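Asker: Protein chains in written order, with our numbering: chain X, 1 to 408; chain H, 1 to 408.
Since the hints were derived computationally from the structure, they do not count as laboratory data. Incorrect hints may appear among the rest.
One copy or any two copies: either way a pair holds, since identical chains are not told apart in the list.
[Claimed, not checked] Result set (SDA-like, lysine to any residue): computed pairs, CA atoms no more than 20 Å apart in a straight line: (1) Lys156 <-> Thr3; (2) Lys66 <-> Thr45; (3) Lys66 <-> Gln46; (4) Lys10 <-> Asn149; (5) Lys66 <-> Ile41; (6) Lys265 <-> Met1; (7) Lys66 <-> Arg315; (8) Lys33 <-> Gln367; (9) Lys200 <-> Gly64; (10) Lys10 <-> Asp122.
All values derive from a computational prediction rather than experimental measurement.
Number of protein chains: 2
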Amino acid sequence: MATINEHFLKLRAGYLFPEVSRRVRAYQEKNPKAKIISLGIGDVTQPLPPAIIKAMKKAVDEMGNKATFHGYGPERGYDFLIDAIIENDYKSRGVDLDRSEVFVSDGAKCDTGNILDIFGLDNVVAITDPSYPVYVDSNVMAGRTGEANTKGQYKKIVYMPCTAENGFIPALPKSHVDIVFLCFPNNPTGAVATKKILSKWVDFAYKRQAILLFDAAYEAFITDPKIPHSIYEIEGAKDVAIEFRSFSKTAGFTGVRCAFTVVPKQLKAKGPRGKAVKVNPLWSRRHSTKFNGASYISQASAAAVYTDEGKEQCRKIIKIYMRNANLIHSSLARLGYQVYGGKNAPYIWLKTLSNMSSWNFFDRLLQNANVVGTPGEGFGPAGQGYFRLTAFATPENVKEAMGRFAGI
Amino acid sequence: MATINEHFLKLRAGYLFPEVSRRVRAYQEKNPKAKIISLGIGDVTQPLPPAIIKAMKKAVDEMGNKATFHGYGPERGYDFLIDAIIENDYKSRGVDLDRSEVFVSDGAKCDTGNILDIFGLDNVVAITDPSYPVYVDSNVMAGRTGEANTKGQYKKIVYMPCTAENGFIPALPKSHVDIVFLCFPNNPTGAVATKKILSKWVDFAYKRQAILLFDAAYEAFITDPKIPHSIYEIEGAKDVAIEFRSFSKTAGFTGVRCAFTVVPKQLKAKGPRGKAVKVNPLWSRRHSTKFNGASYISQASAAAVYTDEGKEQCRKIIKIYMRNANLIHSSLARLGYQVYGGKNAPYIWLKTLSNMSSWNFFDRLLQNANVVGTPGEGFGPAGQGYFRLTAFATPENVKEAMGRFAGI
Chain X
1 MATINEHFLK LRAGYLFPEV SRRVRAYQEK NPKAKIISLG IGDVTQPLPP
51 AIIKAMKKAV DEMGNKATFH GYGPERGYDF LIDAIIENDY KSRGVDLDRS
101 EVFVSDGAKC DTGNILDIFG LDNVVAITDP SYPVYVDSNV MAGRTGEANT
151 KGQYKKIVYM PCTAENGFIP ALPKSHVDIV FLCFPNNPTG AVATKKILSK
201 WVDFAYKRQA ILLFDAAYEA FITDPKIPHS IYEIEGAKDV AIEFRSFSKT
251 AGFTGVRCAF TVVPKQLKAK GPRGKAVKVN PLWSRRHSTK FNGASYISQA
301 SAAAVYTDEG KEQCRKIIKI YMRNANLIHS SLARLGYQVY GGKNAPYIWL
351 KTLSNMSSWN FFDRLLQNAN VVGTPGEGFG PAGQGYFRLT AFATPENVKE
401 AMGRFAGI
Chain H
1 MATINEHFLK LRAGYLFPEV SRRVRAYQEK NPKAKIISLG IGDVTQPLPP
51 AIIKAMKKAV DEMGNKATFH GYGPERGYDF LIDAIIENDY KSRGVDLDRS
101 EVFVSDGAKC DTGNILDIFG LDNVVAITDP SYPVYVDSNV MAGRTGEANT
151 KGQYKKIVYM PCTAENGFIP ALPKSHVDIV FLCFPNNPTG AVATKKILSK
201 WVDFAYKRQA ILLFDAAYEA FITDPKIPHS IYEIEGAKDV AIEFRSFSKT
251 AGFTGVRCAF TVVPKQLKAK GPRGKAVKVN PLWSRRHSTK FNGASYISQA
301 SAAAVYTDEG KEQCRKIIKI YMRNANLIHS SLARLGYQVY GGKNAPYIWL
351 KTLSNMSSWN FFDRLLQNAN VVGTPGEGFG PAGQGYFRLT AFATPENVKE
401 AMGRFAGI
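Taking the hints into account, I'd like the entire structure generated from these sequences.
Answerer: Here it is in structure tokens:
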């Protein structure tokens with residue numbers, strides 16, 4: 001008889017966002033007139049800017065014309081997009097990349113999960129607590145963990161707590177680890193890593209022969225010129241790190257689907273009989289065997305993000321979100337909250353009042369202010385007592401929500 | 001030290017299509033004036049029809065407008081598309097499906113590979129020989145096979161030979177199998193399965209408690225009204241089968257990326273202590289954890305495939321390809337070839353002349369006729385001595401290619 005992958009049964013049932021939706025729905029049903037404002041899920045609200053729409057329409061026209069129609073593209077992405085990525089995101093910051101090191105995909109969520117396919121099940125994985133739930137869940141599914149304990153933490157994963165006490169920067173693990181997930185600017189805490197911090201991690205990875213999986217999906221929100229946007233701005237990082245990027249938040253592509261992953265040619269991991277094996281060809285094989293390229297229309301419009309017009313228009317939109325972040329930060333600080341993030345990231349991380357639990361705070365905010373956020377403990381037990389707000393709502397809604405916060 | 005997934009090293013180096021490209025490039029470099037016609041890779045050439053382009057432009061306009069902008073969609077797909085799929089592809093054939101049984105994705109290649117995530121590594125997998133290489137390769141990567149032998153067949157996989165002798169319909173495996181990949185209309189042989197044949201497979205799966213992974217990506221090319229389009233047209237199939245569908249060939253979406261998979265709610269597999277576990281929630285969890293939904297633009301245009309205009313226009317394009325298939329079939333038969341497929345499928349499968357090897361025939365055809373096809377052995381050892389041609393070129397090119405065939 002066919003058997004299931006039993007590791008799936010280890011997954012904790014209540015995935016965060018469905019539970020949030022359930023509570024919101026229940027409240028809205030009981031209070032149909034309540035005008036609920038969501039600062040919960042990290043989804044953009046501003047429409048795609050004109051330069052991107054223009055490129056998208058051109059791509060659609062091409063698809064309707066025999067002479068310019070595009071069928072299957074290269075699984076790894078079109079060179080026109082890869083070249084724009086290398087030039088604008090990397091060369092401009094002193095990082096040289098080869099075309100063969102960039103893999104275009106339909107999303108960073110897929111990439112951060114799928115990348116695990118190419119690594120052995122015996123790797124010990126370190127993940128920050130709190131973190132984006134996909135890092136943990138995809139390792140559980142693959143069988144790299146044991147069962148969850150009552151706090152929802154899985155055996156074999158090395159959790160790295162991030163709290164106000166350590167400035168939301170994880171300490172280097174003392175125990176054995178092989179693969180480390182890092183995300184800066186961080187989801188959910190909004191913390192960023194300086195060059196010094198990232199250098200410490202690169203050194204650590206060298207010494208431990210570990211691999212860093214660096215999620216830089218929010219790099220476009222960095223405002224401080226001293227903060228690196230890419231892990232490869234750190235010397236030697238190409239020997240130890242894979243980087244994930246996305247157009248989702250940078251250019252409002254959450255519904256368009258385009259992202260990319262950088263796997264340096266020189267990155268190696270241990271193969272049979274301890275021999276070092278290059279990782280790039282493995283990902284290339286995985287990518288071309290189980291993926292058929294991102295939509296041509298998505299790729300053509302992603303390339304428009306790098307034109308002068310596209311850059312300026314995307315920057316404007318990000319400014320709108322960052323003004324939201326500032327307003328949230330300053331409003332809550334004024335109300336006496338301890339507030340973190342929101343300076344170089346679209347996420348604001350706050351301590352609940354009077355040590356209320358995250359879910360109690362969620363309910364109180366929903367009921368008393370009709371505002372939705374995300375309970376910190378949904379991202380891991382160290383998030384208990386914290387709460388995440390996102391800067392992606394419209395400025396009007398953010399203003400209105402902040403007014404209501406005063407009353408809870 | 002981080003370790004790699006060593007199963008990747010079992011994969012045979014020369015993936016079929018890159019080797020085809022290599023030989024074509026080498027020939028073209030030496031013969032820059034040769035006008036090479038490709039009947040090789042299964043990619044469409046007709047542009048998207050007007051009804052789809054119109055829907056696509058509307059979707060793009062929506063993305064540029066705050067009131068109609070779409071961010072993240074449901075991971076499983078928009079209801080507007082799922083409803084159109086259920087109504088048109090299934091209800092019209094007497095199959096009732098629930099929304100929760102349909103999962104929209106960005107491609108059937110991803111789905112047929114990724115579906116394996118939810119099954120145990122101990123399953124014995126049966127795959128036809130020849131077959132679409134992804135079925136084999138994704139099982140190798142996951143570790144469900146041993147090493148390859150000199151013929152390129154992997155230990156532990158149960159291969160089901162399909163040759164002229166059995167009409168390219170595999171015999172039911174006598175040894176133990178848990179998961180069976182079937183593809184009808186078949187890539188590469190173009191064979192189709194009658195109701196009787198599919199019923200035998202459904203019965204077999206029942207008796208053996210096996211699961212059928214049914215790839216129906218080419219169902220739109222069925223012209224014979226007696227041939228089922230879906231495995232679910234067979235009574236009881238919902239208890240034993242998962243079905244994969246794609247808009248790639250049906251509507252020319254190879255560059256647009258949209259597909260879907262049906263996982264019936266009643267389908268079960270063995271879980272801990274032999275207990276039967278529902279498969280649908282596992283796929284739902286996998287899909288929502290490691291995938292973020294297909295592009296809104298792709299989904300909106302896929303829905304247009306089901307409008308009256310869209311249906312008529314897509315049918316017209318398929319007729320163009322099927323006229324190509326007919327021409328290839330009749331031309332080659334006239335030249336004395338044994339020719340298969342091409343009646344209810346866009347693939348024509350032929351026996352090489354005088355028992356020439358597939359690759360020798362490839363080289364001869366390339367050199368003497370400047371026509372590219374795909375060597376049958378690239379799809380598995382039983383494909384040795386066979387050759388695949390696709391019907392997706394333009395009618396002019398097909399006509400020209402057939403003229404040249406006479407001279408080789």
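Asker: I want to check one pair: lysine 33 and glutamine 367. Are their C-alpha atoms no more than 20 Å apart within a copy, between two copies, both, or neither?
Answerer: For lysine 33 and glutamine 367, the Cα distance is within 20 Å only inside one copy (13 Å; across copies 74 Å).
Asker: Within, between, both or neither: how does the pair lysine 265, methionine 1 come out at a Cα-Cα threshold of 20 Å?
Answerer: Between copies only: 18 Å across, 42 Å inside.
Asker: Can you tell me if lysine 200 and glycine 64 fall within 20 Å by alpha carbon in one copy, between copies, both or neither?
Answerer: neither (52 Å within a copy, 43 Å between copies)
Asker: Between the shortest in-copy and the shortest cross-copy C-alpha distance, which are at most 20 Å for lysine 156 and threonine 3: within, between, both, or neither?
Answerer: Cα proximity of lysine 156 and threonine 3: across copies only (16 Å, versus 24 Å in one copy).
Asker: Between copies, within a copy, both or neither: which fits lysine 66 and isoleucine 41 at Cα up to 20 Å?
Answerer: between (41 Å within a copy, 18 Å between copies)
Asker: Measure nothing new, just compare the shortest in-copy and cross-copy C-alpha distances for lysine 66 and arginine 315 to 20 Å and report within, between, both or neither.
Answerer: Intra 36 Å, inter 17 Å, cutoff 20 Å: inter-copy only.
Asker: Is it within, between, both or neither when you check lysine 66 against threonine 45 at 20 Å Cα-Cα?
Answerer: Classified as between; 7 Å across copies, 35 Å inside a copy.
Asker: Are the CA atoms of lysine 10 and aspartate 122 at most 20 Å apart within a copy, between copies, both, or neither?
Answerer: both (18 Å within a copy, 18 Å between copies)
Asker: Given identical chains, is lysine 10 near asparagine 149, meaning Cα to Cα at most 20 Å, within a copy, between copies, both, or neither?
Answerer: The answer is within: 10 Å in one copy meets 20 Å, while 36 Å across copies does not.
Asker: One pair to classify: lysine 66 and glutamine 46, alpha carbons no more than 20 Å apart. Within, between, both, or neither?
Answerer: Answer is between: at 6 Å across copies they meet the 20 Å cutoff, but 34 Å inside does not.
Violation of the numbered hints given earlier is confined to hint 9; every other hint is satisfied by the structure.
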